[in-house]
Amino acid sequence: MNKVILISGSSGSLAVLLKLLPEIKVSSNNSWVIVIHRKRYLDSKLERIFADNCTLKVSEVMHLDKMELNTVYLAPADYHLLINEKNEFELDFSEKIMFSRPSIDVSAITFAEKFKDKLIFVLLSGGNSDGAYGAKRVLEKGGEVIVQSPNEAKLAIMPNEALKLNPEIKYILPIEKINNTIKKINNTIKKTL
Amino acid sequence: MTNNTLHRIENVFLSNEDLSSAIDLIKSLHDVDFSGYGKESLRRRFNRLMIINNWSTYYELKFSITNGKLPVTDILSEITVNMTSMFRDVNFYKAAKTSLFPYLETFPSFKIWHAGCSTGEEMYSFSILMEEAGLLKKSTQYGTDLNQEALKVAKKGVYQLKEMASYAKNYMECGGVKPFSDYYVAKYNAVKMLSLLSKRMVFSQHNLVNNSSFNEFECVVCRNVLIYFNKELKNRVLKLFYDSICPRGFLLLGGAESIKGTVVENLFEVIDGNNKIYRKKISYE
Numbered sequence: 000m001n002k003v004i005l006i007s008g009s010s011g012s013l014a015v016l017l018k019l020l021p022e023i024k025v026s027s028n029n030s031w032v033i034v035i036h037r038k039r040y041l042d043s044k045l046e047r048i049f050a051d052n053c054t055l056k057v058s059e060v061m062h063l064d065k066m067e068l069n070t071v072y073l074a075p076a077d078y079h080l081l082i083n084e085k086n087e088f089e090l091d092f093s094e095k096i097m098f099s100r101p102s103i104d105v106s107a108i109t110f111a112e113k114f115k116d117k118l119i120f121v122l123l124s125g126g127n128s129d130g131a132y133g134a135k136r137v138l139e140k141g142g143e144v145i146v147q148s149p150n151e152a153k154l155a156i157m158p159n160e161a162l163k164l165n166p167e168i169k170y171i172l173p174i175e176k177i178n179n180t181i182k183k184i185n186n187t188i189k190k191t192l
Numbered sequence: 000m001t002n003n004t005l006h007r008i009e010n011v012f013l014s015n016e017d018l019s020s021a022i023d024l025i026k027s028l029h030d031v032d033f034s035g036y037g038k039e040s041l042r043r044r045f046n047r048l049m050i051i052n053n054w055s056t057y058y059e060l061k062f063s064i065t066n067g068k069l070p071v072t073d074i075l076s077e078i079t080v081n082m083t084s085m086f087r088d089v090n091f092y093k094a095a096k097t098s099l100f101p102y103l104e105t106f107p108s109f110k111i112w113h114a115g116c117s118t119g120e121e122m123y124s125f126s127i128l129m130e131e132a133g134l135l136k137k138s139t140q141y142g143t144d145l146n147q148e149a150l151k152v153a154k155k156g157v158y159q160l161k162e163m164a165s166y167a168k169n170y171m172e173c174g175g176v177k178p179f180s181d182y183y184v185a186k187y188n189a190v191k192m193l194s195l196l197s198k199r200m201v202f203s204q205h206n207l208v209n210n211s212s213f214n215e216f217e218c219v220v221c222r223n224v225l226i227y228f229n230k231e232l233k234n235r236v237l238k239l240f241y242d243s244i245c246p247r248g249f250l251l252l253g254g255a256e257s258i259k260g261t262v263v264e265n266l267f268e269v270i271d272g273n274n275k276i277y278r279k280k281i282s283y284e
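Going down the list, the sequences are from chains E and C.
All letters in the first sequence, in the order written, are residues 0 to 192 by numbering that gives the first Met the number 0.
All letters in the second sequence, in the order written, are residues 0 to 284 by numbering that gives the first Met the number 0.
Bound-form chain C, shown alone:
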């Protein structure tokens, strides 16, 4: 999209009623519930969907959803934000290495859940750092997302070559010890991450809005997912994480997300407030 079309995202204005009714429609037809999502970012996503498809009225949006002109996978791909990159926030990864890794080392095997893993860049970042710390062999990483198209990309581990320069820079800043290109094979405009990195990854569709916990983890990573949720849904999801983390296990959130003021505020210990690294307290109830 050019800048001009991107600007129109702010232009096409769905009223509150239109937005609510689109949410209801998708819920009843496709059983996907966006009602707990933040209104304003969701409005921008719907505007974007309308621009891409050249619709100028809410009627056209409604028509396409109702008549199956727009497959549910397309709706999910466009409405959910799938932006992610490798080693995003160098400080976060550095902090994870110093606070989380020593804890993981104490286990013969451990499980990490990446909730809302999108196209998987973050999981590969973890794999690389864990490999260098000698932890990869003991790990199992579970990647879940609402969007199955994104999961397919994560599973393949194929990314655009042009992204690699900035990832390599981030990787070095995180204290990487090898040339970053040792971790992928490049061909034409794409790279494939080494299978060594993805061997211990498991992917599955999971909807944080209404699915429950499916295992117990030593660590849950959920970065830049909660920013799309309203207070109620954020609380629900944080409770779900609490129930999924073993005693003294870790919770890693995104830079602008916090457990402050939520139902789990007193259930976690703050390990690193800046980098949003939390640790589950032992409950004596």
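Bound-form chain E, shown alone:
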């Protein structure tokens, strides 16, 4: 069962990602997309840092790149990341939302619309409420939402806001349990099919 795993966060999420990425195995047969708030202007080495810490191919999205399996995609700084019906990424340089571009909500909502129950949305540490509304839409469309445990998150605002808006979120997890839970969700779906 191929899934799309959208991992998002803001301030404090980078350290978490560097713990999560090395554990991702090719055998999982999923597509991974990382949408995090990051500074523009600076020549970002983020793609390389992630690639050095991950056995999967890591690729910063270019406009109209096609989403492939077993690849980790990184949303470029300063663009909203969308996905179209042909499974191609579209970039969008329209207004910032909640002072953010990429906006986590925008990606989560368009991904929920397209992938429905094949989407797992992981929300990490961050300093604003971006992602809370997106989480709501992911749940409505049958996807799963995992939130980093607020006690552990460097900035708890982002996970807390998501939980406030969506008290029904089942998975509130410390870092070391996130990857295993993604695997578990994959397996349960295999069984029910």
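By construction, these hints were calculated from the structure, which means they are not laboratory data.
Glycine included, each C-beta is placed from N, C-alpha and C at the ideal position.
Keep in mind that the hints are not guaranteed to be accurate.
[Unchecked claim] Okay, derived cross-link-like pairs now, DSSO-like style, lysine-lysine, Cα gap no bigger than 30 Å in a straight line: (1) C:K61 to E:K140; (2) E:K135 to E:K24; (3) C:K93 to E:K38; (4) C:K161 to E:K95; (5) C:K61 to E:K38; (6) E:K38 to C:K177; (7) C:K38 to E:K38.
[Unchecked claim] FRET-style restraints, in silico, Cβ to Cβ: (8) C:S76 to E:N86: 44 to 54 Å; (9) E:S148 to C:S203: 56 to 66 Å; (10) E:V25 to C:V269: 27 to 37 Å; (11) C:R235 to E:K85: 36 to 46 Å.
With chain E held as given, fit chain C onto it using these hints.
Leaving out everything else, chain C in the frame of chain E:
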């Protein structure tokens, strides 16, 4: 718009049929063709248009387009994205200075086409850097856009004062040598860029979707325009640029745009892959 209304952009959901039919309608009534635009970003723009006008159904959108309640200029202003800023992407401007400027220096006069120049911030950024490099006097910059309202702003060169702090910071990071405020006159909440900078600019409406080339240029700048197009239209536009650039001339694209996998992939040499600076190869055909 507040955050709440912005969130509704993702809410009002036009079906694929509604979206196609709105595109057809605008094409037949106003002769503006959005069919080659990326579906998802276009859907968000239409949603935005509906929220701004307080429409909740596709019927209201269709009614307003058909009955001329919504002038075509308003449609274009809202559907096309006009976000731009001065010295956006410091690394890009630094790279342009080192790779493009020495080439421009070799000409007694040269032409640059800014395709999709929107409100002109990028052209003024070029003017400033070219002035400091002693190139401005030799230049002619052609700014074209689909949106005439945006072109009016570009022509005037009047911008909001509150933007200037971040532009000044970018300018300094690009290696600016003067106080940024030397390049404009401020009054109330606005600034006017010096006429020295706009003297050698020419503006005209041009639609990349169906208009053809209108001159030959030493350099074409088209940043964050191709991201709104689908593959076919992107190919068409890149071919149009190829036909408009003189042999060994430059093509400058936006950070997330690339010629990889397009019809012009082998016709340009990659000068700077990160900053998307390309150079036309000489063809011996």
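Structure-based check of all given hints:
1. Distance restraint check for C:K61 and E:K140: the Cα-Cα separation of roughly 28 Å lies within the 30 Å cut-off, and the hinted pair is therefore satisfied.
2. Proposed proximity of E:K135 and E:K24 is supported: the alpha carbons are some 28 Å apart, at most 30 Å.
3. This hinted pair checks out: C:K93 and E:K38 have alpha carbons roughly 18 Å apart, not beyond 30 Å.
4. A C-alpha spacing of about 17 Å is found between C:K161 and E:K95, which places the hinted pair at or below 30 Å, so the restraint holds.
5. Restraint check: the Cα-Cα separation between C:K61 and E:K38 comes to about 40 Å, which exceeds 30 Å; the hinted pair is violated.
6. The suggested pairing of E:K38 with C:K177 holds, with an alpha-carbon distance near 26 Å, which does not exceed 30 Å.
7. Between the alpha carbons of C:K38 and E:K38 the distance comes to roughly 27 Å, so the proposed pair stays at or under 30 Å and holds.
8. Checking the proposed 44 to 54 Å range against C:S76 and E:N86 shows it is violated: the Cβ atoms sit about 31 Å from each other.
9. Our hint of 56 to 66 Å for E:S148 and C:S203 holds, since their Cβ atoms are close to 57 Å apart.
10. A hinted range of 27 to 37 Å holds for the C-beta pair E:V25 and C:V269, which are about 30 Å apart.
11. Between C:R235 and E:K85 the Cβ separation comes to about 18 Å, which falls outside the hinted range of 36 to 46 Å.
The earlier numbered hints that this structure contradicts are 5, 8, 11.
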